[in-house]
Amino acid sequence: MSIILGVINEGLIYALMALGVYITYSILDFPDLSVDSTFPLGAAVAATMILAGVPPFLTLFIAFAAGALAGTATGLIHVKLKVRDLLSGIIVMTALYSINLSITDNKANLPIFSQETIFENAFIDGLAKPLSEYSTVIILLLIVLVVKILLDLYMKTRSGYLLRAVGDNETLVTSLAKDKGSVKILGLALANGLAALSGAVYCQQKGFFEISIGTGTIVMGLASVIIGTKVFSRFGKIKATTAVILGTIVYKACISAAMAMGLKTLYMKLITSLFFLIILVVSENRKKKVR
Amino acid sequence: MKKRTFAALLLGALTAASLIGCSGSNSSQSAESAATAAGEETDNSAEQTAGGSYTIGISQFAVHGSLDNCREGFLEGLAEEGIEEGKNLTVLYENANGDGAVSSQIASGFISQKADLICAIATPAAQSAYSAARKENIPVIYTAVTDPVSAELANEDKTPVGEITGTSDRLPVTEQLAMIREILPDAKKIGIMYSTSEVNSLSTLEEYKEAAAEYGFEIVESGVSTAADVPLAADQLVEKVDCINNLTDNTVVSALQVVLDAAGKKGIPVFGSEIEQVKNGCLASVGLDYVELGKQTGRMAAKVLKGEAKASEMSFEIIEGGSFYGNSKVAENLGITLPEDLVSDAAEMFDEISE
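Those sequence lines, one after another, are chains X and L. Numbering-wise, the first sequence is residues 141 to 431 according to my numbering. Numbering-wise, the second sequence is residues -10 to 344 according to my numbering.
Hints listed in this document are in silico derivations from the structure and should not be mistaken for laboratory results. Given the structure is predicted, the values throughout are model-derived calculations rather than measurements. A virtual CB, placed ideally from N, CA and C, is assigned to each residue, including glycine. One or more of the hints may lead you astray.
Straight-line C-alpha distance at most 27 Å; calculated BS3-like pairs for lysine-lysine [to be verified]:
1) L:Lys292 x L:Lys76
2) L:Lys147 x L:Lys292
3) L:Lys103 x X:Lys269
4) L:Lys229 x X:Lys404
5) L:Lys268 x L:Lys229
6) X:Lys269 x L:Lys124
7) L:Lys103 x L:Lys255
8) L:Lys76 x X:Lys404
Computed footprint of chain L on chain X; a stretch qualifies when at least three of its residues, placed anywhere within it, have a C-beta under 8 Å from a C-beta of chain L [said to hold, decoys possible]:
9) 215 to 228
10) 235 to 244
11) 250 to 260
Computed far set for chain L versus chain X, every beta-carbon distance over 10 Å [to be verified]:
12) Lys76
13) Gly98
14) Thr148
15) Asp175
16) Lys178
17) Glu187
18) Pro220
19) Asp224
20) Lys255
21) Glu297
22) Ala320
With the rest of the complex left out, here is chain L (with noise of 0.2 Å):
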């Protein structure tokens, strides 16, 4: 009796399972149809390649505004070289939703699954899919690793460890203390929250602190460990300085709205780290184009793809400069007047905030 109810139960299990499974790859499975198709139509364009389509694996290491848009446009830009979902390409995206171990498995799920190549969206995503994919030789194509160099993906001279390449979203860490320099002239500390599990966030701090006294000033710093740690961080850090920094930390920025509020009673302004932040309520931002950076890396992939070069021949990109982004609504609610010379330059200026 216990022996059938159990595997009643089992077989209950595994049903729901594959249920559960089946719609989650119905999307897949469509564009891998519709890519055999595209393959069998030799009218496609020039781009039209020897393989017919690829299949590869997106690994995202976290469900973050920046990353989301990487991946967006890494599509983009393989789309420009010619790949596109569901005609030739068949794409497998999994998101490790912040968890190490899951990582590593979605990289070898990958490999089990034959992908052509391995896109990774994120630090510890990017090592995972390296870790897994060095022994097959599958390979990995990176984007937002802050520091390829200090994660070991990458030599001091910028050129891989293996069949490993991408594009590094280093933060224009000087552009922005100058433009906050130019927005507050009379402001002496800035605050900056990160949370201490995100080892991109510790090494941009780090050169904050370094460039900070060159703008004349002071970097108070705060970390946090998880999200609930965010609101007592952020009472206690508007009380110490003159305006708060966001780095592209996780944590910190899925809790925007608590720094905002809190910076926002004591009438202090907090700039951002990218369009999504300015969007939100930051007063402004030299930030990163993300879909540009992934677009970067999507072509990256196409080479690698097309076998017009190797991961392991190509050193990793860093996208050169960020632009201005700015939020004339945030600057009237808290008086202060955005620089015309930096209004007349901005990529772009919102004048609403979105919630």
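Okay, chain X solo, but in the shape it has when bound (with noise of 0.2 Å):
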């Protein structure tokens, strides 16, 4: 039981950010690197916050702010100086490893262990048996949600119909005399918040910021959006997003799965890049509907 609550619990986390990565990669068709580096920011935002008495909750909105703005750097990088996509992301996932550094106070590690965080408080001490124990993948679900529900309604508004014209036919949008550039830009900011809240939220989880964590974010985030849109759109009318929630959480089965067959980590990013490759291919299709 506690190996499924393990993966769902992570699934969730890093769902958040998944949903960022299906904004800029299937949405925008915009492969943005910076996530690597937003999902640390809101880790040392949210630590570095708890740690001056903010109140955790409250992190989490800030953390999202962060990363908006880290996201709309990488944006006016790409659109206003002419950038291309993946280097501006570079650029930008570079240069937060210096800042994400200087909110900490140049300290890489950072333990909230003893702070009050969503997970822990008193509040959460103060349920009862059945429910305090599953009160961390409650609140994720909780989290989780919400984010959900608001990306579906933003989706419907005009900005969100836009938003989704611009990955799919950027002359329509220049047509219809709006600027494809700046709803480029929201859309990496919605993105890199996202990363930034899910950073947040894993670092209040698990106790303690690294500036290690970030490593990777991007390719378990493309992997996770892959495997759901690809995947679970198979099986009749399901919203993206929940696609996107559901993917993230067999990805980390997946990697549970691994683990426990005895998988050595050594190997873990080669099967990673393989897994990946292979959806890829498989969904060669998605060309088709970009080009």
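Can you join these two chains into the complex? Each is in its own frame, and there are hints to help.
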């Protein structure tokens, strides 16, 4: 039971980030590498704020805002300075490394074990037995659901439609007399805000911030998005956001299963990229849609 | 058609994964069967316990000479107490290769594999292990955590914050400074290179800065963020200082040759922080014996496994005092004579530089 619960917990935490990657990769067709650093950015902001006495719940919003700011930077570099998409992500990712360290006052590792977090506070401690055991997963589920519903609602607004249009058909957006650049910037801000939110939740659940947690976030996000949208979209009508969340949980379950079978963590990255490549090849019809 | 190719490919991927998985777990499986075999034979020594056999997970944060020595020592320490790999002990060993997210996954993996105890090597590994294990009440024994208090794994009075305890590898900073003063009576500035992403380096650097004045030194620090920054940083640093002193910084130590080259061109010595570095070309060091540190940790783990004490009841331990290691070949190259009293008390002297 604890294994399944662990997988769901991990999956839900990263699902927030994967929803962001879904916006950039699937909707905007923008491979945004900045999430590798906006994920730890969110964690750094949350850990530092919590230590400064900011209510843990509030840190989630601040982390989101910080991530959105970083995403805006990626967008501006790409749109205004005309740097290629992949490169603008790399630029922001690299710059954020220093910024993350300066946020935590040059500490690569910031424990918050003894602090109150959204998962550990007086209210949670006061809960009765069956509820307290599942408190973590319930809180995560609530956060993910709220984010998902908000995102679904947003996609139905005028701005949301434009966002989707930019990925599908840029000319259409221009012909509607809308600036496709600002729509892209908005999408990147949203995506990186979600990645930072994910990082903030991660560090509160794990009890510490560590500079190295961001490595490979984008690969994990892409794999989850692709599993979600390619596999679950085959099972009848299902919202893309739901599919992405499920995809992340499935991805985490695969990793957990591989480890239970005795997979050496040494090979983890290799397996992840192979897995990723296979799904990409299988889903090559993606290209037809985009081109 | 699409669906079929998809299924076929997925199957292929899973087979590949499980194949690699199997080859990886072979050793632990054989160890497991050996463990059951040992459990049946009760003619084992007095240490034979009621439980018969144990499963422990070792989570190491990075590949690193000192950390590897810790792990070896840990297993030796357990063996001294009668808990031997292949007899009554199954060891699950994973290395996060310096990735914090992987480190968390390793910890939860050990818990799902029902480890009786997790041994965490280095600070991030210890924190992930504690984070995952504290809800399950699985004891965590750490080693090579330089500052357990600031890592929030122990209280100010050294008592654990939960079912977690272990050993700290706080460097013998004052002894090292005294040693440098003895070898280089006229030196004024010591250069220290560290990576900004390693919390252990930062806290040791602070200790050096505090203690330096007492020995008439000034510390010149140089922070790097990746191993790729080391060459430039080393070239700049050697211009400003009379000698370089290493910490146990993973990034800098892995680029040790670069630092040695830069210092060698300038003819200034590099001091190490442990035996491996002296072997590889540092002039000298008052260093920790990481194998010994691991052994001490192993003995603590044995107590917990046998149920003699709970992890939450044991304060963390610091290995006391360092011993002198010197390299006479390096001294000869630099034209420096190592003081006789240091050499005669040396734990080990090397007369060649191993590559």
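The hints, checked one at a time:
1. L:Lys292 x L:Lys76: 18 Å, holds
2. L:Lys147 x L:Lys292: 18 Å, holds
3. L:Lys103 x X:Lys269: 23 Å, holds
4. L:Lys229 x X:Lys404: 44 Å, violated
5. L:Lys268 x L:Lys229: 26 Å, holds
6. X:Lys269 x L:Lys124: OK: X:Lys269 and L:Lys124 at ~14 Å, within 27 Å.
7. L:Lys103 x L:Lys255: Not OK: L:Lys103 and L:Lys255 at ~54 Å, beyond 27 Å, violated.
8. L:Lys76 x X:Lys404: At roughly 22 Å apart (the allowed maximum being 27 Å), X:Lys404 and L:Lys76 satisfy the hint.
9. 215 to 228: With 0 residues closer than 8 Å to chain L, the stretch 215 to 228 of chain X misses the three-residue bar; violated.
10. 235 to 244: Per the Cβ count (3), the hint holds.
11. 250 to 260: holds (count 4)
12. Lys76: 21 Å, holds
13. Gly98: 4 Å, violated
14. Thr148: It holds; L:Thr148 is separated from chain X by about 13 Å at its closest Cβ, greater than 10 Å.
15. Asp175: 33 Å, holds
16. Lys178: 22 Å, holds
17. Glu187: 6 Å, violated
18. Pro220: Fine: 18 Å to the nearest Cβ keeps L:Pro220 off the interface.
19. Asp224: 21 Å, holds
20. Lys255: Given that every Cβ of chain X is farther than 10 Å from that of L:Lys255, nearest at about 28 Å, it holds.
21. Glu297: 26 Å, holds
22. Ala320: 35 Å, holds
Hints 4, 7, 9, 13 and 17 from the list above are not met by this structure, while the remaining hints are.
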